[in-house]
Amino acid sequence: MDAMTPKLTVDYKSPPHKVIAFLRSGRDKLRSKYAALRVELRRAENQVCAVTNSREMWEQRARLAEAELAEFKKSQ
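According to our numbering, the sequence shown holds residues 57 to 132 in order.
If you are wondering where the hints come from, they were derived from the structure by calculation, not from laboratory data.
All residues carry an ideal CB built from backbone N, CA and C; glycine is no exception.
Any given hint could be a false lead.
[Stated by the list, open to error] Taking CB as the label site, the calculated pair distances span:
1. 67 <-> 105: 54 to 60 Å
2. 61 <-> 100: 53 to 59 Å
3. 87 <-> 115: 39 to 45 Å
4. 82 <-> 119: 53 to 59 Å
5. 85 <-> 105: 27 to 33 Å
Hey, can you work out the whole structure from these sequences and the hints?
And the structure:
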């Protein structure tokens, strides 16, 4: 080969078992992080749904109470 041609193979200094362990631990940490985020997101979505349903129920009860009050005032 020429002195001008770049070397195509690279001699790595880290042993493969250490690189593999490092990459696996990083992958596992990422998976657990995003699994926890998915749980948190699911919990937040359920909370939003519950609050929305509760708000709708209370609005309906308030409208019924206002209608009853208006009807009561008309009758007096």
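Can you give the numbers of the hints that this structure goes against, from lowest to highest? none
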